[in-house]
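Q: Counting from 1 along the sequence shown, just add 6 to a position and that's the residue number in the working numbering.
Careful, some of the hints might be misleading.
[Said to hold, decoys possible] Computed Cβ-Cβ distance ranges for the label pairs, DEER-style:
#  : residue 1 : residue 2 : range
1  : Leu98     : Glu40     : 45 to 51 Å
2  : Pro90     : Gly26     : 18 to 24 Å
3  : Pro147    : Ala33     : 31 to 37 Å
4  : Ser20     : Glu40     : 16 to 22 Å
5  : Asp86     : Ala33     : 48 to 54 Å
6  : Arg140    : Ala110    : 43 to 49 Å
7  : Glu21     : Pro149    : 30 to 36 Å
8  : Pro90     : Asp143    : 35 to 41 Å
9  : Pro135    : Glu40     : 25 to 31 Å
10 : Leu93     : Asp34     : 56 to 62 Å
11 : Leu98     : Gly138    : 21 to 27 Å
12 : Lys66     : Pro146    : 43 to 49 Å
No lab work stands behind these hints, which were simulated from the structure alone.
C-beta atoms are modelled at their ideal positions from N, C-alpha and C, and glycine is treated no differently.
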Amino acid sequence: MAGRLGRDPVSAISEAEATGEAAAIFADIRATMEIPLITSIWRSLYDIEGGLTAAWRAVKPLYQTGQPAAALARVMAQADLPVPQPLVPGQLACVGIGPDDLSAIRAIVAAYNRSNGMNMVALTALVVPPAGARPEDPVPPAPV
């Protein structure tokens with residue numbers, strides 16, 4: 007676990023390589039976020055000394071509120087994304103992608119869209135300056 011910032015996320019630790027605390031955190035991330043795989047952001051955080059543990063401890067409570075999933079749903083409901091042209095029948099078969107492959111590809115894309123969308127919302131909290139009242143500030147009186 008070297009602290010190599012700017013590392014290629016494709017070469018980050020795989021879930022299968024993770025052991026000990028990292029494997030436990032990866033399992034907790036999967037369960038908490040309800041995702042079938044660990045995306046590269048979490049695997050890359052492993053390479054920063056203490057990064058995976060600190061980041062997950064900081065944002066897990068936010069994921070547990072359901073706010074990242076709700077925010078992602080709102081973004082997707084309002085997004086006007088371009089729709090690519092449909093493929094010509096047989097086009098995928100020409101490159102060796104069969105119906106079972108396409109189903110697996112769709113599942114992976116859906117998992118990444120869900121995970122990366124929620125991560126965009128939740129992990130931003132780690133890099134933006136705090137706003138609003140601090141927990142130690144007194145609660146203002148109720149309006150009269």
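Q: Could you work out which earlier hints the structure fails to respect and list their numbers in ascending sequence?
A: 1, 2, 3, 5, 7, 8, 10, 11, 12
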